[in-house]
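Colleague: Top line first, the protein sequences correspond to chains A and B. Going by my numbering, the first sequence opens with residue 146, and the numbers climb by one from there. Going by my numbering, the second sequence opens with residue 101, and the numbers climb by one from there.
FYI, nobody ran anything at the bench for these hints, they're computed from the structure. Take the hints with a grain of salt, since some may be wrong.
[Claimed, not checked] Straight line, CA to CA, 30 Å or less: simulated DSS-like cross-link-like pairs of lysine-lysine:
#1 297/B - 250/A
#2 267/B - 245/A
#3 251/B - 267/B
#4 250/A - 267/B
#5 252/A - 267/B
#6 124/B - 251/B
#7 191/A - 245/A
#8 132/B - 250/A
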Amino acid sequence: MHELPVVKNLVEIVLQHAEMNRAERVVSITLEIGELSDLEDEWMQKYFNFVSRGTVAEEAELVIHRCPVVVQCSECNRRFEVSLEELPPDKCPACSNCEKFNVVKGKEFYIREMKVI
Amino acid sequence: MYEKENEKSIGKNSREEFRLIEVKEDILADNKSEAQNLRNRLKQAGTYLLNLMSSPGSGKTSLILQLVENLQGDLKTGVIEADIDSSVDTERLTGAGIKALQLRTGGLCHIDAVMAARGLEALEAELLDLAIIENIGNLVCPAEFDTGAFKNAVILSVTEGDDKPRKYPLVFSICDLVLINKTDLLDYTDFELPRFKENLFKVNPGVECFEVSARTGQGIQEWSSWIKKEVWDFQQGKAQ
Chain A
146 MHELPVVKNL VEIVLQHAEM NRAERVVSIT LEIGELSDLE DEWMQKYFNF
196 VSRGTVAEEA ELVIHRCPVV VQCSECNRRF EVSLEELPPD KCPACSNCEK
246 FNVVKGKEFY IREMKVI
Chain B
101 MYEKENEKSI GKNSREEFRL IEVKEDILAD NKSEAQNLRN RLKQAGTYLL
151 NLMSSPGSGK TSLILQLVEN LQGDLKTGVI EADIDSSVDT ERLTGAGIKA
201 LQLRTGGLCH IDAVMAARGL EALEAELLDL AIIENIGNLV CPAEFDTGAF
251 KNAVILSVTE GDDKPRKYPL VFSICDLVLI NKTDLLDYTD FELPRFKENL
301 FKVNPGVECF EVSARTGQGI QEWSSWIKKE VWDFQQGKAQ
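Okay, chain B solo, but in the shape it has when bound (with noise of 0.2 Å):
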């Protein structure tokens, strides 16, 4: 009986002293507006920023190595490689000539917008037409977290299946551009076009997508123009 009343008090006693705050506040609030202000800055230094997503061993490097021998005489390009903890990605770009720096994140699994502003700026990014950030190989945890690019891609390789839109809606939801590469293994795969675009277009009506394979070098050109034709009207302020 004196327990009961006992907890009874106790119960009402913290009731009333009970308040509840609204607060409805943005978790992520604080990497938004720093994202928000990158970007800012990089419009006015006129510095295109491309983020690109995609598990381990989709070609992320091998593509950006074609990529940036494409775009030599047209675009001043730098690159910003993510990773958890090595620089051989670094090392095969910078071995080819190409303007890169290392980031690591030491165990952290994506690439926030302090991270991507401290990393340009180590890349003297100002200097630049386009800058790349290889984001950390992994389909989950870079999509839910803005960069201050202003556009987003994946790649995915055949090898990977038609299915991941499926399984990793988020990321495939938020791009702008889809490179499907390793196209040259098609026939070994049972990767349908068709249905993977059909999966992807279920999440992403409006996302653009080329087909592409690092090693043959089929649709490089392709994605060489897009990304020119982005960075001129984002410098002649078309873009955002």
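In isolation and in its complexed conformation, chain A is listed as follows (with noise of 0.2 Å):
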């Protein structure tokens, strides 16, 4: 729902990276974004297009990874991943009777790497 602002924010970043690293041409951009995280590849690559349009990144591709959700067991503080299936877990897998959790990880939203020419 909200992919424009962080689209917005992402070409700003991969301009001034572009712009230091002198590059003609953006290829492709590896994102890191949590499974928490509600936003959706195909419109994120939409409004990419959109936003990108005219700038050295036209057309880069999006390569969107996808960070799991770790949850910290407040009892053991043990760190276990979980899909958003499984989420909020049952059962801490290593004390097994706790069933509160620290959500730790799955809120990401880095741009790791890009490929220019």
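Using the supplied hints, reconstruct the complex from the two chains, each of which is provided in its own coordinate frame.
Modeller: Spelled out as structure tokens, the structure:
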């Protein structure tokens, strides 16, 4: 739902790095987005194509890696991955009696790298 | 044969020309630093900012009305009403004598730190003890954007169902306080308080939780006391 403001920031950062590295064209951009984020890959690309039009990043491909959700048991502090379907988890696999967890990962919005010419 | 060679050479050239640039930047870094700047300014001014999130119709404005009335004489309070395109909520608040400002987002589904800062400036928030952002009615997008608030609260009305922390884990995992509203309707719904709390604590064990009803006034006193303590601790430099 809020892909547009996120994509505007993304294009801004990509163009800064393209300029710093004297890139003629940006071919692809690798993103790391947490599973908890509601961003849709397809809409990210559509908005990206729109916002980047007329820049060196025009037509660059977004390669989106989803980072898994990691929760931490509030009893034994063990961290473990859970899929969105399993969230919230029933029990901690380590201490098995705890039912309270802190979400420690899964909210990422990172640009990892970009491929340029 | 010719085509194949041609393709190959294009591929080879392109590969040679490609450069991989490590970016390692947070896409929302700008908003995060704006939010931190805003928090610093608010700390200087002694104004506590609370961000209130919920789905449409959960009772945000009604609860704010009750709260501000309860805080009168103790805390100077102002409200930023964020709506996609209307000012009905602000009219309700100003009609009750509450200092409120309408922020129209023009279609945007959330409030970010820049918008919050703009709203607070127009509200002259530096003269207040407490400023409340009534975020856009939506359990998804507002959760992803730091507004610069010191605490985040979510209102969930019992008619929405006790499974919401399972469906919207992000918003329920980032909040500091949950208000379960419309408890006067509990008997007419399948909402089970223990089940809701179990779902909630599974993604956020440290969260505070109050049962309230804007209609009967249940829990408003408790919520007001919580806010007063938060603001006074903050103003004495005890918090954050």
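Colleague: Now tell me if each hint is right for this structure.
Modeller: Now the hints, each set against the structure:
Between residue 297/B and residue 250/A the alpha-carbon distance is near 22 Å, which keeps this suggested pair within the 30 Å criterion. For the hint linking residue 267/B to residue 245/A, the alpha-carbon distance of about 17 Å falls within 30 Å, and the restraint holds. Of the pairs offered as hints, the one joining residue 251/B and residue 267/B holds, with about 22 Å between alpha carbons and a cut-off of 30 Å not exceeded. Distance check on the hinted pair: residue 250/A and residue 267/B sit about 17 Å apart at the alpha-carbon level, within 30 Å; holds.
Taken as a hint, the residue 252/A and residue 267/B pair is honoured in the structure, with Cα atoms around 15 Å apart against an allowance of 30 Å. The suggested pairing of residue 124/B with residue 251/B holds, with an alpha-carbon distance near 28 Å, which does not exceed 30 Å. Taking the CA atoms of residue 191/A and residue 245/A, the gap is near 39 Å; set against the 30 Å cutoff, the hint is violated. Annotation: proposed proximity of residue 132/B to residue 250/A holds, straight-line Cα distance about 17 Å (limit 30 Å).
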